[in-house]
Amino acid sequence: MGKKVLMKGNEAVAEAAILAGCRHYFAYPITPQSELIEYMAKKMPLVGGTFLQAESEVAAINMVLGAAACGVRVMTSSSSPGISLKQEGISYIAASRLPAVIVNVSRGGPGLGNIAPMQCDYFQATRGGGHGDYYTPVLSPSTVQEFADMAPLAFEIAERYLTPVLILGDGMLGQMMEPVEFPDSYPPQLDPSSWALGARRTPDDRHIINSLFIDPYVLKEKTEILFEVYDEIKKNEIRYETYNMDSNAKTLVVAHGTAARVAKSAVDALKEEGVEVALIRPITLWPYPYDAVAEAAKGKDKVITIELNMGQMVEDVKLAVCGECPVDFIGKAGGVVFTPEEIVSLIREKIS
Amino acid sequence: MATIRILCAGFGGQGALLIGKLVAEAGMAEGKHVTWLPSYGPEMRGGTANVMVVVSDKPVGSPIFSKLDVLVALNQPSLDKFAPDTKDGGIIITNSDLCGEPANADKVKLSPVPLTKIAEEIGNVKAANMVGVGALLALTNCVARKSVEDYLSGMMKEKNPALLDTNLLAIEKGAAYVA
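Here the protein sequences line up with chains A and B, keeping their order. Yeah, the first sequence ends on 1042 if you go by my numbering, and it's all consecutive. Yeah, the second sequence ends on 560 if you go by my numbering, and it's all consecutive.
It is possible that some hints are incorrect.
Said to hold, decoys possible - Label-pair distances were calculated between CB atoms; the ranges are:
{"hint": "1", "chain 1": "A", "residue 1": "LYS1008", "chain 2": "B", "residue 2": "GLY394", "range": "45 to 53 Å"}
{"hint": "2", "chain 1": "A", "residue 1": "LEU880", "chain 2": "B", "residue 2": "GLN457", "range": "40 to 48 Å"}
{"hint": "3", "chain 1": "A", "residue 1": "GLU1039", "chain 2": "B", "residue 2": "GLU501", "range": "35 to 43 Å"}
To be verified - Derived DSSO-like pairs (lysine-lysine); straight-line CA-CA distance at most 27 Å:
{"hint": "4", "chain 1": "B", "residue 1": "LYS554", "chain 2": "A", "residue 2": "LYS694"}
{"hint": "5", "chain 1": "A", "residue 1": "LYS693", "chain 2": "B", "residue 2": "LYS490"}
{"hint": "6", "chain 1": "A", "residue 1": "LYS1040", "chain 2": "A", "residue 2": "LYS924"}
{"hint": "7", "chain 1": "B", "residue 1": "LYS490", "chain 2": "B", "residue 2": "LYS468"}
{"hint": "8", "chain 1": "B", "residue 1": "LYS538", "chain 2": "A", "residue 2": "LYS732"}
{"hint": "9", "chain 1": "B", "residue 1": "LYS439", "chain 2": "B", "residue 2": "LYS498"}
{"hint": "10", "chain 1": "A", "residue 1": "LYS992", "chain 2": "A", "residue 2": "LYS1040"}
{"hint": "11", "chain 1": "A", "residue 1": "LYS693", "chain 2": "B", "residue 2": "LYS439"}
{"hint": "12", "chain 1": "B", "residue 1": "LYS540", "chain 2": "B", "residue 2": "LYS490"}
{"hint": "13", "chain 1": "B", "residue 1": "LYS448", "chain 2": "A", "residue 2": "LYS961"}
{"hint": "14", "chain 1": "A", "residue 1": "LYS961", "chain 2": "A", "residue 2": "LYS924"}
{"hint": "15", "chain 1": "A", "residue 1": "LYS988", "chain 2": "A", "residue 2": "LYS1040"}
{"hint": "16", "chain 1": "B", "residue 1": "LYS490", "chain 2": "B", "residue 2": "LYS448"}
{"hint": "17", "chain 1": "B", "residue 1": "LYS540", "chain 2": "A", "residue 2": "LYS1022"}
{"hint": "18", "chain 1": "A", "residue 1": "LYS733", "chain 2": "B", "residue 2": "LYS540"}
{"hint": "19", "chain 1": "A", "residue 1": "LYS1040", "chain 2": "B", "residue 2": "LYS448"}
{"hint": "20", "chain 1": "B", "residue 1": "LYS462", "chain 2": "A", "residue 2": "LYS1022"}
{"hint": "21", "chain 1": "A", "residue 1": "LYS988", "chain 2": "A", "residue 2": "LYS940"}
{"hint": "22", "chain 1": "B", "residue 1": "LYS527", "chain 2": "B", "residue 2": "LYS498"}
{"hint": "23", "chain 1": "A", "residue 1": "LYS732", "chain 2": "B", "residue 2": "LYS540"}
{"hint": "24", "chain 1": "A", "residue 1": "LYS693", "chain 2": "B", "residue 2": "LYS402"}
{"hint": "25", "chain 1": "A", "residue 1": "LYS924", "chain 2": "A", "residue 2": "LYS912"}
{"hint": "26", "chain 1": "B", "residue 1": "LYS468", "chain 2": "A", "residue 2": "LYS694"}
{"hint": "27", "chain 1": "B", "residue 1": "LYS538", "chain 2": "B", "residue 2": "LYS448"}
{"hint": "28", "chain 1": "B", "residue 1": "LYS448", "chain 2": "A", "residue 2": "LYS1022"}
{"hint": "29", "chain 1": "A", "residue 1": "LYS693", "chain 2": "B", "residue 2": "LYS540"}
{"hint": "30", "chain 1": "A", "residue 1": "LYS694", "chain 2": "B", "residue 2": "LYS540"}
{"hint": "31", "chain 1": "A", "residue 1": "LYS940", "chain 2": "B", "residue 2": "LYS468"}
The set of hints was computed from the structure by calculation and includes no laboratory data. Keep in mind the model is a prediction, meaning the values are calculated, not measured. Backbone N, C-alpha and C fix where the C-beta goes; we use that ideal spot for every residue, glycine too.
Pulled out of the complex, with its shape left as it was, chain B reads as follows (with noise of 0.2 Å):
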């Protein structure tokens, strides 16, 4: 991998740019050069929102990309948006509880996810975005499952220790479903 370019998005309060906080903080924790670049409009909850992240080994130029090598798209207004930027032979993983098929998906590895019933099933259903890092980290292999769960281990194994364990269990369920 020398520079992966990944968008998500969703509506707000789906958590899609914590799923970009924590690939570019593993990223850093790993010595590769990231970016992290959030759509800072007038958002709000409800409204959309979404996170350009890059990882590479070379310094980052532009943090703003045109083709995305990785979509992830939380809802259906993400994917229809975003799905034509994807590259041909790029990566799209949807919350399928939320989005049908992109247009391009015969030119893309498609990847529906039901996150929010996955969520659901492991009792927290704000942990879908969570069960995404699962599914993104174990089809990219952009950063190392490990290094994203040292980061939230350190956030969250004092304040915290229940999430933590909900957080890890959905990251390896979305992992699991993809595998």
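Same shape as in the complex, but just chain A (with noise of 0.2 Å):
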């Protein structure tokens, strides 16, 4: 591991990506994310790489399908309205089957809203968010550490399942410093021959990267191998973590990324005053981690659900508790941040 270094969580994940061998970026600036763009507007002409200031959110995304199709790692970030704009061509890349990182530095909404961190973008995030029958892996971070270790992971993700892959940070994790290390290498490039243009793997082989399929038949069949994929990846990528859990807490408390680092603060301050609440955090929240939540809530009195908006996580939360018990809200608009203070009330009051 490299020395430890203060940085924004926006400078970490963008340092991270160059760091996984990212060469192309394209992206439109937008607050609270324009440290990263700015950030690889310095950075990447110093490694060689392919820095460029698209006229528009929608141009990026197609360029960044553009890299993809040509086999290089490639990245893009935005902040939620971006994000929205960026929703056709996320569809297209995921159809397309290419490996593609796309950062999510959300802000308050909806509409224009405003640039203060906000978990709003869950819906979007984690049902497709464009039009069609697709999902893309999402990964939540809580640290600065962890939203840098998440560029190179979310690369990994792409490449083995051949899909978009989006980090959902909010513009606290933008703007925060926080000690970040990076270690000396992350893991190579997979071999892009299977998914890339001009990798011929026999003399007659046309690779077509192609997400027009008019035959109703061929479709239906691109969909399902789609999903067999995304069974392949519930399979196998499901994170979370569980805090406290060992106490004999009557309440589970489920929050994730800025939302769940203020949660953890509330159970520490609970754990002082005997009161005992177990935490578990998503990390992918899709594929969403339901039957961890369902094994966690096992014999509770109650689960609150913690996020900055106005309910979106606990409909998965409802999900994997299945009526087993009640599933509360404590949530926020607007981008106004909870204090651990206001958390700790809060659960007292539900569960009093």
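Two chains, two separate frames, one set of hints: put the complex together.
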């Protein structure tokens, strides 16, 4: 490992992507992810990479599709409204079975919203996001270190399953500085000849990358293949973290990303008061750790979902818990981040 | 010290965010857990800017806090806004050239320091925030002064040794003023 450096999440994820061999990055500026595009603008030329500020988010995501089709590691990033604009292209990339990494440093919404951290893009992120029958793996970091580590992980998942992968951060993780360590090297890119253009496996092999399948039976077969891949992803890639699970807690908190780290502080504070609360933090939001949440909820009197929105992941928590115990919700809109003290008093209210 | 929560605030351009960054860098160098979270609204020079810094022996859960252990207020609006959030018994360092007394002065350890005047005396008014760093370190011991000085030396020794000397002197003056 290298030595620790103090970095913003936006910069750390960009640096990790470059260290992971990403040499192509296309994006359009938007707060609160601006440091990411700025970092790429500064660093890509130094490593012989391509940095391009596209004329729009739509252009950027289609450049990503093109680069991915050529077999290189490619990334784009934006924030909520910009990610909405990219959705058509993400759907095309998913249908074309190409690996690419998309970072959403999400902000307050709906609409143009504001630039404060919010988790209101959960539905969009975990349900495909664009048109059509597809999903993208979604990684949710809760520290700057994890944000950085997810760049190489996202490339690995993208290449193993030939899918776009979304890293869903938020304005707080993007703007905050924390110590971060980068390893000396990351796993290299998988051999792109199985998916990229120009790699003929036989002399007359024409590898055509396409997402247009006019014949319904062909589209049916292509979509079914996609879902076989999704089953594999569900089998292999579900990630989550548990906290204070060994206690005799009767309450389980479910939270991801920024909300989870604030919730963790609240769990610690409640413990000091003699109130035990367990916590589970989904790290992959799709595929969602339904089984792990169900297991964690076993024997609990109550499950409380905490989100920086009006209640999105809580629907997945209800699917996981499946009526075994009541599922409550603590949320906040507008990009106002909870303090641990607020969470402590809200949890106390819910369990009293 | 288990955990210390510091908020530095001032006009954009006064260097409040840098005060926080120096503490965070020094804390990291000492092997502590740190977070540095700026207010990142559409701020600009002359607007207000603030940063929340946590230095802890344990991993930092929330980088956001509603009660401060230490406030460094570089101007009056910052003092008005954040003094009420300072814990009873907490520390408030003000730039007394630009700030009056907070309403809760009797409940906290108030330390007015003429940051601007001291910086002017050493020949660089822009070093006022560094005078504040000196006062902050001397009053709280949140990180060792040497860790901050080492970080600054690493950053500036080659590029701008004269400015490094000014900054180190400013830190010393700030520390001496509150001693």
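Verification of the supplied hints:
Taking 45 to 53 Å as the suggested C-beta distance range, the pair LYS1008/A and GLY394/B conforms, at roughly 49 Å. Distance hint check for LEU880/A and GLN457/B: the Cβ-Cβ separation is about 59 Å, which falls outside the suggested range of 40 to 48 Å. Take GLU1039/A and GLU501/B: their Cβ atoms lie about 52 Å apart, and the range 35 to 43 Å is violated. This hinted pair does not check out: LYS554/B and LYS694/A have alpha carbons roughly 30 Å apart, beyond 27 Å.
Among the hinted pairs, LYS693/A with LYS490/B is inconsistent with the structure: their alpha-carbon atoms are about 37 Å apart, more than 27 Å. Distance restraint check for LYS1040/A and LYS924/A: the Cα-Cα separation of roughly 33 Å exceeds the 27 Å cut-off, and the hinted pair is therefore not satisfied. At roughly 10 Å between alpha-carbon atoms, LYS490/B and LYS468/B fall within 27 Å of each other, so this suggested pair holds. Distance hint between LYS538/B and LYS732/A is fulfilled; the C-alpha atoms sit about 24 Å from each other, no more than 27 Å.
A hinted pair counts as satisfied when its Cα atoms are at most 27 Å apart, and LYS439/B with LYS498/B does not qualify at roughly 38 Å. For the hint linking LYS992/A to LYS1040/A, the alpha-carbon distance of about 9 Å falls within 27 Å, and the restraint holds. Distance restraint check for LYS693/A and LYS439/B: the Cα-Cα separation of roughly 19 Å lies within the 27 Å cut-off, and the hinted pair is therefore satisfied. For the given pair, LYS540/B sits about 38 Å from LYS490/B by alpha-carbon distance, which is inconsistent with the 27 Å threshold.
Between LYS448/B and LYS961/A the alpha-carbon distance is near 19 Å, which keeps this suggested pair within the 27 Å criterion. Pair hint LYS961/A plus LYS924/A does not hold up; C-alpha atoms about 34 Å apart against a cutoff of 27 Å. A hinted pair counts as satisfied when its Cα atoms are at most 27 Å apart, and LYS988/A with LYS1040/A qualifies at roughly 18 Å. This hinted pair checks out: LYS490/B and LYS448/B have alpha carbons roughly 15 Å apart, not beyond 27 Å.
Taken as a hint, the LYS540/B and LYS1022/A pair is broken in the structure, with Cα atoms around 46 Å apart against an allowance of 27 Å. Pair hint LYS733/A plus LYS540/B holds up; C-alpha atoms about 21 Å apart against a cutoff of 27 Å. Our distance criterion of 27 Å between C-alpha atoms is met by LYS1040/A and LYS448/B, whose separation comes to about 23 Å. For the hint linking LYS462/B to LYS1022/A, the alpha-carbon distance of about 23 Å falls within 27 Å, and the restraint holds.
A distance of roughly 9 Å separates the Cα atoms of LYS988/A and LYS940/A; the hinted pair therefore holds under the 27 Å criterion. Restraint check for LYS527/B and LYS498/B: satisfied, since their Cα atoms lie roughly 24 Å apart, inside the 27 Å limit. The suggested pairing of LYS732/A with LYS540/B holds, with an alpha-carbon distance near 20 Å, which does not exceed 27 Å. Proximity of LYS693/A to LYS402/B is assessed by CA-CA distance (about 18 Å); at most 27 Å being required, the pair is judged to hold.
As the CA atoms of LYS924/A and LYS912/A are separated by approximately 19 Å, the hinted pair is consistent with the 27 Å bound. For the suggested pair LYS468/B and LYS694/A, the alpha carbons sit about 32 Å apart, so the restraint of at most 27 Å is broken. Between the alpha carbons of LYS538/B and LYS448/B the distance comes to roughly 37 Å, so the proposed pair goes past 27 Å and is violated. For the suggested pair LYS448/B and LYS1022/A, the alpha carbons sit about 20 Å apart, so the restraint of at most 27 Å is met.
Of the supplied pair hints, the one linking LYS693/A and LYS540/B holds, its CA atoms being roughly 22 Å apart against a limit of 27 Å. Distance hint between LYS694/A and LYS540/B is fulfilled; the C-alpha atoms sit about 22 Å from each other, no more than 27 Å. Straight-line distance between C-alpha atoms of LYS940/A and LYS468/B comes to about 32 Å, which puts the hinted pair past the 27 Å bound.
Violation of the numbered hints given earlier is confined to hints 2, 3, 4, 5, 6, 9, 12, 14, 17, 26, 27 and 31; the remaining hints are satisfied by the structure.
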